[in-house]
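Q: Sequence:
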Amino acid sequence: MSKAVDVEKIKRAARNSIPISIKTFTLPHETEEYMERILEIFLSEFGQDQLSSRIGYCMRELAVNAKKANTKRIYFKEKSLDINDPRQYEEGMERFKQETLDNIDYYLNKQKDAGLYVKVVYHAKGNAFTMSIHNNSRISRKEQIRVYDRIARSRAFDSMEEALSSVMDDSEGAGLGIVILVLMLKKMGLDEDAFDIDVDGDETIARITVPFSAVHLENINELSREIVNEINELPQFPDNIVYLQKLISDPDSEISDIARQISTDPSLTADLLKHVNSAQFMLPKRVDNIVEAVKLVGFRGIKNLLYSFGTLKILDSNQRWLWDHSYRTAFYAYNLAKNFKRRKELLDDAYVGGILHDMGKIIFSNVHPNLLEKIQGFCTDRNIHRDFIEDLSAGLNHAEIGALIAEKWNFPVSLIEAIRYHHDPLAAHNEFRDVVYTVYLANALCGYERGDIEYDQLETEVIRDFGITSQDKLDMVQQRLSLAFDDERNKKL
Numbered sequence: 001m002s003k004a005v006d007v008e009k010i011k012r013a014a015r016n017s018i019p020i021s022i023k024t025f026t027l028p029h030e031t032e033e034y035m036e037r038i039l040e041i042f043l044s045e046f047g048q049d050q051l052s053s054r055i056g057y058c059m060r061e062l063a064v065n066a067k068k069a070n071t072k073r074i075y076f077k078e079k080s081l082d083i084n085d086p087r088q089y090e091e092g093m094e095r096f097k098q099e100t101l102d103n104i105d106y107y108l109n110k111q112k113d114a115g116l117y118v119k120v121v122y123h124a125k126g127n128a129f130t131m132s133i134h135n136n137s138r139i140s141r142k143e144q145i146r147v148y149d150r151i152a153r154s155r156a157f158d159s160m161e162e163a164l165s166s167v168m169d170d171s172e173g174a175g176l177g178i179v180i181l182v183l184m185l186k187k188m189g190l191d192e193d194a195f196d197i198d199v200d201g202d203e204t205i206a207r208i209t210v211p212f213s214a215v216h217l218e219n220i221n222e223l224s225r226e227i228v229n230e231i232n233e234l235p236q237f238p239d240n241i242v243y244l245q246k247l248i249s250d251p252d253s254e255i256s257d258i259a260r261q262i263s264t265d266p267s268l269t270a271d272l273l274k275h276v277n278s279a280q281f282m283l284p285k286r287v288d289n290i291v292e293a294v295k296l297v298g299f300r301g302i303k304n305l306l307y308s309f310g311t312l313k314i315l316d317s318n319q320r321w322l323w324d325h326s327y328r329t330a331f332y333a334y335n336l337a338k339n340f341k342r343r344k345e346l347l348d349d350a351y352v353g354g355i356l357h358d359m360g361k362i363i364f365s366n367v368h369p370n371l372l373e374k375i376q377g378f379c380t381d382r383n384i385h386r387d388f389i390e391d392l393s394a395g396l397n398h399a400e401i402g403a404l405i406a407e408k409w410n411f412p413v414s415l416i417e418a419i420r421y422h423h424d425p426l427a428a429h430n431e432f433r434d435v436v437y438t439v440y441l442a443n444a445l446c447g448y449e450r451g452d453i454e455y456d457q458l459e460t461e462v463i464r465d466f467g468i469t470s471q472d473k474l475d476m477v478q479q480r481l482s483l484a485f486d487d488e489r490n491k492k493l
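Reminder that position 374 of the sequence shown reads as 374 in the working numbering, one-by-one numbering, no gaps.
These aren't lab readings, by the way, just hints derived from the structure by calculation. Model, not experiment: these values are computed from the prediction. Among these hints, one or two may not hold up.
Dumping the calculated BS3-like pairs for lysine-lysine here, alpha-carbon to alpha-carbon at most 27 Å [said to hold, decoys possible]:
#, residue 1, residue 2
1, LYS125, LYS112
2, LYS341, LYS295
3, LYS303, LYS246
4, LYS11, LYS112
5, LYS97, LYS142
6, LYS125, LYS142
7, LYS125, LYS186
8, LYS246, LYS285
9, LYS408, LYS303
10, LYS112, LYS142
11, LYS77, LYS9
12, LYS3, LYS23
13, LYS79, LYS97
14, LYS125, LYS187
15, LYS125, LYS408
16, LYS285, LYS303
17, LYS186, LYS119
18, LYS274, LYS187
19, LYS285, LYS344
Pairwise CB distance ranges (calculated) [unchecked claim]:
#, residue 1, residue 2, range
20, THR469, ASN240, 40 to 50 Å
21, ARG343, MET188, 41 to 51 Å
22, ALA128, LYS285, 47 to 57 Å
23, SER470, GLU94, 32 to 42 Å
24, ASP250, GLY451, 41 to 51 Å
25, GLY298, ARG155, 52 to 62 Å
26, THR269, LYS344, 16 to 26 Å
27, LYS3, GLY451, 16 to 26 Å
28, SER249, THR269, 17 to 27 Å
Even glycine gets a Cβ: it sits at the ideal position worked out from N, Cα and C.
Could you put together the complete structure from these sequences and hints?
A: Laid out in structure tokens, this is it:
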């Protein structure tokens with residue numbers, strides 16, 4: 001009997017760009033069924049449920065190939081053969097299939113004892129869904145050439161019949177199966193670029209990328225734009241914040257002018273002094289003078305403080321967990337920037353980017369009833385299913401919605417980029433890479449310590465950019481940040 005699927009958990013993961021991974025050593029039938037059910041839920045969330053059977057075939061084919069690759073390593077080791085030696089490879093493959101099938105339980109148990117796994121990861125990111133199949137047997141040069149040869153040969157075929165008559169290879173699994181997989185992708189309107197196989201460290205990773213349904217994507221984007229257009233139901237920044245922003249942008253402004261204006265708002269004054277006296281500044285003595293505080297923070301820092309303070313004023317804190325997560329992310333982002341990037345101008349952007357990265361979710365946590373009514377009417381007029389409202393309120397497209405709101409409120413481009421790409425950092429523009437990478441990693445570390453994301457699901461390019469090359473190093477960084485955050489929070493209690 002296959003394991004029950006937590007449907008709501010899978011939907012939340014799909015909507016919030018959280019990877020879901022399934023790891024197995026022997027790939028029993030019930031695990032395959034479980035993986036197929038998760039795939040169906042992901043595809044359904046993005047309007048591609050009609051592709052379930054075909055993508056399901058591709059997933060099974062790649063998972064079985066990954067399991068066979070692990071079996072092959074055990075077999076070659078038992079026969080004292082070098083899998084990377086062309087002559088010994090040919091010798092081993094002559095009897096591999098028959099001998100392993102005759103004694104498959106023995107080899108599967110050996111795989112498990114050796115820690116050789118197959119892992120399937122489902123991840124919705126940007127406007128596409130990616131399914132990756134990992135196994136910790138590094139693909140050999142011979143095997144990789146063989147796979148690419150099959151992909152190249154599949155270009156010549158227009159039907160399964162042609163493939164069946166032309167490609168018959170009984171020695172190992174990655175023959176006809178890969179050709180059929182590529183033909184399947186063609187039938188779905190995807191080209192061969194939708195499939196890739198590569199090596200990362202000791203893992204071989206096969207990926208299939210499926211874009212969201214065009215209709216589904218247009219509905220999401222249209223509804224997101226309409227929500228942002230109607231955000232006037234929420235107040236704009238308070239007048240004193242707007243005036244302060246103009247004052248800071250005026251080259252003739254004096255520090256004393258800005259300090260005087262800040263002091264007219266007790267809440268803002270308290271926030272500024274709390275910020276200056278926090279562990280981030282490590283001052284030898286407490287600062288209570290507004291002019292001194294403005295000098296320490298600087299114009300750029302004050303401007304960023306206004307963005308976070310103004311947003312907090314507009315959006316109340318009904319969803320306490322969202323704010324708690326935002327503050328933790330901001331603290332992590334600031335300290336990552338401080339300790340790894342060592343660029344003073346990045347510190348404030350990283351902190352405010354962390355505070356506001358989930359603004360698209362926070363907006364929905366405080367939706368005004370009039371706004372909801374207007375959006376429901378818009379869905380009726382445009383024949384958009386109302387389930388999309390539920391999907392968006394549950395987090396779907398929240399990064400884009402947050403970025404659109406930030407654009408509407410004239411946030412700096414660096415903050416807009418941090419909000420828009422905090423789940424998809426590699427898509428950010430190069431000039432804003434540091435702030436986006438920092439906010440991404442801070443947010444990911446929060447997910448990592450909650451158990452929502454695993455080490456190998458983090459963007460490799462990002463963690464390497466921070467000099468993190470192993471899970472032990474990541475654990476050390478996460479633990480230090482978590483302890484520092486708890487210390488900082490306890491001081492305020």
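Q: Now tell me if each hint is right for this structure.
A: Results for each hint:
{"no.": "1", "hint": "LYS125 / LYS112", "verdict": "32 Å, violated"}
{"no.": "2", "hint": "LYS341 / LYS295", "verdict": "23 Å, holds"}
{"no.": "3", "hint": "LYS303 / LYS246", "verdict": "10 Å, holds"}
{"no.": "4", "hint": "LYS11 / LYS112", "verdict": "31 Å, violated"}
{"no.": "5", "hint": "LYS97 / LYS142", "verdict": "17 Å, holds"}
{"no.": "6", "hint": "LYS125 / LYS142", "verdict": "32 Å, violated"}
{"no.": "7", "hint": "LYS125 / LYS186", "verdict": "22 Å, holds"}
{"no.": "8", "hint": "LYS246 / LYS285", "verdict": "31 Å, violated"}
{"no.": "9", "hint": "LYS408 / LYS303", "verdict": "17 Å, holds"}
{"no.": "10", "hint": "LYS112 / LYS142", "verdict": "25 Å, holds"}
{"no.": "11", "hint": "LYS77 / LYS9", "verdict": "41 Å, violated"}
{"no.": "12", "hint": "LYS3 / LYS23", "verdict": "13 Å, holds"}
{"no.": "13", "hint": "LYS79 / LYS97", "verdict": "14 Å, holds"}
{"no.": "14", "hint": "LYS125 / LYS187", "verdict": "23 Å, holds"}
{"no.": "15", "hint": "LYS125 / LYS408", "verdict": "24 Å, holds"}
{"no.": "16", "hint": "LYS285 / LYS303", "verdict": "24 Å, holds"}
{"no.": "17", "hint": "LYS186 / LYS119", "verdict": "25 Å, holds"}
{"no.": "18", "hint": "LYS274 / LYS187", "verdict": "60 Å, violated"}
{"no.": "19", "hint": "LYS285 / LYS344", "verdict": "21 Å, holds"}
{"no.": "20", "hint": "THR469 / ASN240: 40 to 50 Å", "verdict": "48 Å, holds"}
{"no.": "21", "hint": "ARG343 / MET188: 41 to 51 Å", "verdict": "45 Å, holds"}
{"no.": "22", "hint": "ALA128 / LYS285: 47 to 57 Å", "verdict": "53 Å, holds"}
{"no.": "23", "hint": "SER470 / GLU94: 32 to 42 Å", "verdict": "39 Å, holds"}
{"no.": "24", "hint": "ASP250 / GLY451: 41 to 51 Å", "verdict": "48 Å, holds"}
{"no.": "25", "hint": "GLY298 / ARG155: 52 to 62 Å", "verdict": "58 Å, holds"}
{"no.": "26", "hint": "THR269 / LYS344: 16 to 26 Å", "verdict": "24 Å, holds"}
{"no.": "27", "hint": "LYS3 / GLY451: 16 to 26 Å", "verdict": "18 Å, holds"}
{"no.": "28", "hint": "SER249 / THR269: 17 to 27 Å", "verdict": "21 Å, holds"}
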